[in-house]
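Asks: Each of the two chains sits in its own frame; use the hints to bring them together as a complex.
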Amino acid sequence: MAKYICSICGYVYDEANGIPEAGIAPGTRWEELPGDWVCPLCSADKSLFVKQGEATSAPAEKTRPVIDTPSDTQELSPLEMSALCTNLARGCEKQYKPEEADLFRQLADYFKSVAAPSKDPSFSRLLDLVEKDLEEGFPNANDTATQAKDRGALRALTWSEKVTRILKSLLIRYQNEGEAMLENTDVHVCTICGFIYLGDNLPEICPVCKVPNWKFEKVEGR
Amino acid sequence: MAKKYAVRNIRLCTKDCLCLYVCPTGATDTENSIIDVSKCTGCGDCADACPSGAISMVPFVYPPQQPKTESVVSMMNALLRSKSEQENIAAGLSGRLAKAIEKSNRIMAEDIIREAGYMLPQSQNTKDFLQSLLDKNPEGLPREAVEKLLENLYKNEEEGSMKDNKTKENLMKAFAGESQANRKYLAYAKKAEEEGKLNAAKLFRAAADAETLHAFKEFELAGKVGSTADNIKDAIAGETYEYKEMYPEFVKDAEAEGNKAAATTFTFAMKAEEVHAKLYKEALENLDSTEEVFYYLCPVCGNIEKSVPEKCVICGIPGDKFIKY
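Residue numbers (this note's numbering), protein chains in the order written: chain W, -1 to 220; chain P, 26 to 350.
So here's chain P without its partners, still in its complex pose (with noise of 0.2 angstroms):
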């Protein structure tokens, strides 16, 4: 799951729409302006290319509120005290004087409450006076705005306190490594094929799907497993990130180390990760169409298309050799 998404400040955004290039899911291209966050990944492009400083990336977690002193906090509740109550007094003067001063005394103590441990909306001491809102209920109370702000403004507490946690650290580590020796085992398993040893290509490759299974479970205790719009989010994310920046990086490493069978599996990889991205995005829009759509796999490259091509426009192979999916 991405940590952060993209906000646009529409004082600020002056249409130079680069954010609309950049952007891998189309989620900054919306007609009321405001970035569609069920389908932003969090990459930051969109921030990163605005001439004019107008998009942001906020945290889906914000961090926990500077601690306040007691004797602060009491001093500046004596202030809040005293601007509340000129506040009462204007309010119940006529003339434009008066009107001013209850709104200059009620943004003073806004600012001065802020300051005395109330800054976010997310703390525990928001979600404190919330509940005990609740638990006293006086009359008249508009508790479903209550409720909607409890449910709202913590649910992903618990992800946050995830973050650091050291048994999800090691689901993690757990779910690379056998995902590794699934693959390993496989390649073991076909060179024992070749070799005629059939035995020990077998075991291989019911170990293979044993890791399988060990990697599934890791993954999915690890709380990455989402919604398949999130999963195909999340499948974006990290295809646009080996296209533009690990492969390329990777391809120029090995040409100047002149190890050119790498050098082309890298390209090859590179060109393919890039479409699957594109197709992946696809998927996202058509997620609710229930046209039934096939996939065409180039078994040498790894490139993906929609129907079966001529030949393969990444390695050059003969369309005939494409598997259906």
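Next up, chain W with everything else stripped away, as it sits in the complex (with noise of 0.2 angstroms):
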């Protein structure tokens, strides 16, 4: 019998407990859980867990293609100065400055309103993004940030990962149950560092960055 652990929240599967309360019987196999099981501390699919004692990423060997270093004088696009701005204004919350975040909110405005929408929106175009940051962006920045003992930055990337690595189980969700996939159940998207949620009963704390569950923002539809 072997155990299972959840790549994003650490919850683990044991085959020789099963999950009797959901009535998953104790000697479940692991291949014998239905296609369509997620976590259920977390809704991670089966795919992001690792078995016990096995290596949790891909080969280590193969060399990732080292993506082109940004000049450092790079242009911020208006997008990205509008996070840049949200993210100042959540600053000066945090430090009780409720008219300073105002004004960063107005400039975060002003730059999202002048950023060109995208050309060609499409769920595809995101999932390639997604695997791109997953095999280049975040192994690159963790490398450096290791390097640099930049234990601020590690700790971004492996809230960013663990989230990215959620959008890109949901985005292959819904290629293959499009809209059924949303049906009768709540989405969630946790405010402090982006984890999604899909379903009516909510973790206590997020499983990625352990907030509280009252810090994460139902969506409503639009």
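Wrong hints could be hidden among the right ones.
Each computed EDC-like pair below joins lysine to aspartate or glutamate, with the alpha-carbon atoms no more than 20 angstroms apart [said to hold, decoys possible]:
id	chain 1	residue 1	chain 2	residue 2
1	W	Lys110	P	Asp259
2	P	Lys191	P	Glu110
3	W	Lys110	P	Glu245
4	W	Lys216	P	Glu127
5	P	Lys173	W	Asp107
6	W	Lys110	P	Glu164
7	P	Lys29	W	Glu97
8	W	Lys44	W	Glu129
9	P	Lys152	W	Glu97
10	P	Lys28	P	Asp259
11	P	Lys180	W	Glu97
12	P	Lys209	P	Glu219
13	P	Lys29	P	Asp61
14	P	Lys124	P	Glu110
15	W	Lys49	W	Glu29
16	P	Lys173	W	Asp100
17	W	Lys110	P	Asp61
18	P	Lys173	W	Glu91
19	P	Lys124	W	Asp198
20	P	Lys198	P	Glu243
21	P	Lys124	W	Glu29
22	W	Lys213	P	Glu127
23	P	Lys173	W	Glu73
24	W	Lys117	P	Glu127
25	P	Lys180	W	Asp100
26	W	Lys95	P	Glu56
27	W	Lys216	W	Glu181
28	P	Lys124	W	Asp184
29	W	Lys166	W	Asp34
30	W	Lys130	P	Glu169
31	W	Lys213	W	Glu91
32	P	Lys152	W	Glu73
33	W	Lys44	W	Glu29
Think of the hints as simulated: they come from the structure by calculation, not from any bench.
Replies: What follows is the structure, given as structure tokens:
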């Protein structure tokens, strides 16, 4: 009997125990779990689980394409400046400076309004970018931050990488299931790390950044 | 000037109201639950007393941001670019999942740029960013917002940079020395007068006044004289420290060493400082009142009353000895 660990939140599926309260009998093998079974804590799908004792990542020897280091003088795009401003607005909020937070939000809105809309938006383009982040962006940034001993950057990268893996699994499910995947289910976003949770019973704390669930925001339709 | 001020987290506040009882200036007692910065003396009593941990002391001047290496910044910027692009694509798609992905990418982008050198709104990076916006002046930029941010976020900088300034430290040392010399010479002048050495007494008084001139100038140059409201707050903080912390210890030590005269002097001073703190607090509340107030000083213990008492409540001398101000 083996154990499988969720790479997002650390939940352990133990074949010996099963999950009797969810109708999964003790002794149910990993392969016998239905394909659409998801982590009971964070809704990560089966592909995000790692068998205990096995390496967590793909073969390490495979050489990664090193992305061109963007020059330091590169201009931020309007949408990036908008994110910079909403980040600074949060910083002001934390410091109890509501007036300055509002001013940064005003700037963020301005930059968002002048950003050119995406020309050809599609879910498959999203999935391409997510996969590129996971294959190149995060590993490269993690190496650099580890070398620089930058714990702050590593913290942000760890959270964002987990969230990105969840995004990948959601995008793949959406490709297969379409809108049916969202029927009769709530969609929540953690306002601290961006973790997305599909379902009605929120975990008590965010599986990625561990904040209490009142920091989650329910996404309403548009 | 206080280095910190108190802020209240409304989400954590359970209205146990200990902060109201311990605040020496009433800064925590407001109708909108936001602590009044203009009254806060930065003493920290409210934060210590709050049973819910809802009050934090935050600095006026934040420490410099942690440095970032160029390589980390460029890697983080590459990810930022990807996350922003994903936010933009998701914004062009319909449905709740797309909306959630848009939000999620914005939150990740914020976190990534925060760790790429934009943690603090008060940092040099942020200041340079804001300044560059004014220089480039893109069409439709809300300039007033940028100008206001530059004005608000960096006004404490000068004060912060002066914190470790040697000259400022020397000014305060000189102020302490000159202040002591003034009181010392006045004490010597009094003695000289008692001994009939009037010329020596005159010189002591003239020199005492000279030291006062020096002390005033040095105190002013050190940037310690603020608005009257600020000065009263500083006085409240000083008097409160003396009667709550300094004198109680001094009285204990004097009693332990059997020095009764010093113990009595310290006790009188301690009680008088408490009265002073209370009077300053009232004065702060009524700062704009035009109604004239008279103060009466006890020449023995330093007690101050707002009307002539029958006898001093601290040292017991008759009220007719009080001096009117």
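Asks: Work down the list of hints and note, for each, if the structure agrees.
Replies: Results of checking the hints against the structure:
1. W:Lys110 - P:Asp259: violated, 45 angstroms
2. P:Lys191 - P:Glu110: violated, 50 angstroms
3. W:Lys110 - P:Glu245: Violated. Lys110 (chain W) to Glu245 (chain P) sits at ~48 angstroms, over the 20 angstroms cutoff.
4. W:Lys216 - P:Glu127: holds, 13 angstroms
5. P:Lys173 - W:Asp107: With Cα atoms ~17 angstroms apart, Lys173 (chain P) and Asp107 (chain W) stay inside 20 angstroms; holds.
6. W:Lys110 - P:Glu164: Roughly 13 angstroms between the alpha carbons, so the hint for Lys110 (chain W) and Glu164 (chain P) holds.
7. P:Lys29 - W:Glu97: holds, 19 angstroms
8. W:Lys44 - W:Glu129: Given that 20 angstroms is the threshold and the Cα spacing comes to 17 angstroms, the pair holds.
9. P:Lys152 - W:Glu97: Roughly 17 angstroms separates the two Cα atoms, so the pair holds.
10. P:Lys28 - P:Asp259: Holds, at about 12 angstroms.
11. P:Lys180 - W:Glu97: Holds, because 15 angstroms separates the two Cα atoms, which is no more than 20 angstroms.
12. P:Lys209 - P:Glu219: holds, 16 angstroms
13. P:Lys29 - P:Asp61: Roughly 13 angstroms between the alpha carbons, so the hint for Lys29 (chain P) and Asp61 (chain P) holds.
14. P:Lys124 - P:Glu110: holds, 14 angstroms
15. W:Lys49 - W:Glu29: holds, 12 angstroms
16. P:Lys173 - W:Asp100: Since the Cα atoms of Lys173 (chain P) and Asp100 (chain W) sit roughly 11 angstroms apart, the hinted pair holds (cutoff 20 angstroms).
17. W:Lys110 - P:Asp61: violated, 35 angstroms
18. P:Lys173 - W:Glu91: Within the cut-off at roughly 16 angstroms; holds.
19. P:Lys124 - W:Asp198: holds, 18 angstroms
20. P:Lys198 - P:Glu243: Roughly 9 angstroms separates the two Cα atoms, so the pair holds.
21. P:Lys124 - W:Glu29: Since the Cα atoms of Lys124 (chain P) and Glu29 (chain W) sit roughly 33 angstroms apart, the hinted pair is violated (cutoff 20 angstroms).
22. W:Lys213 - P:Glu127: holds, 17 angstroms
23. P:Lys173 - W:Glu73: Given that 20 angstroms is the threshold and the Cα spacing comes to 24 angstroms, the pair is violated.
24. W:Lys117 - P:Glu127: holds, 16 angstroms
25. P:Lys180 - W:Asp100: holds, 18 angstroms
26. W:Lys95 - P:Glu56: holds, 18 angstroms
27. W:Lys216 - W:Glu181: holds, 15 angstroms
28. P:Lys124 - W:Asp184: holds, 13 angstroms
29. W:Lys166 - W:Asp34: Holds: Lys166 (chain W) and Asp34 (chain W) sit about 15 angstroms apart, inside 20 angstroms.
30. W:Lys130 - P:Glu169: violated, 40 angstroms
31. W:Lys213 - W:Glu91: holds, 15 angstroms
32. P:Lys152 - W:Glu73: Judged against 20 angstroms, a Cα distance of about 16 angstroms means the pair holds.
33. W:Lys44 - W:Glu29: holds, 10 angstroms
The structure is inconsistent with the numbered hints 1, 2, 3, 17, 21, 23, 30, although it conforms to all the rest.
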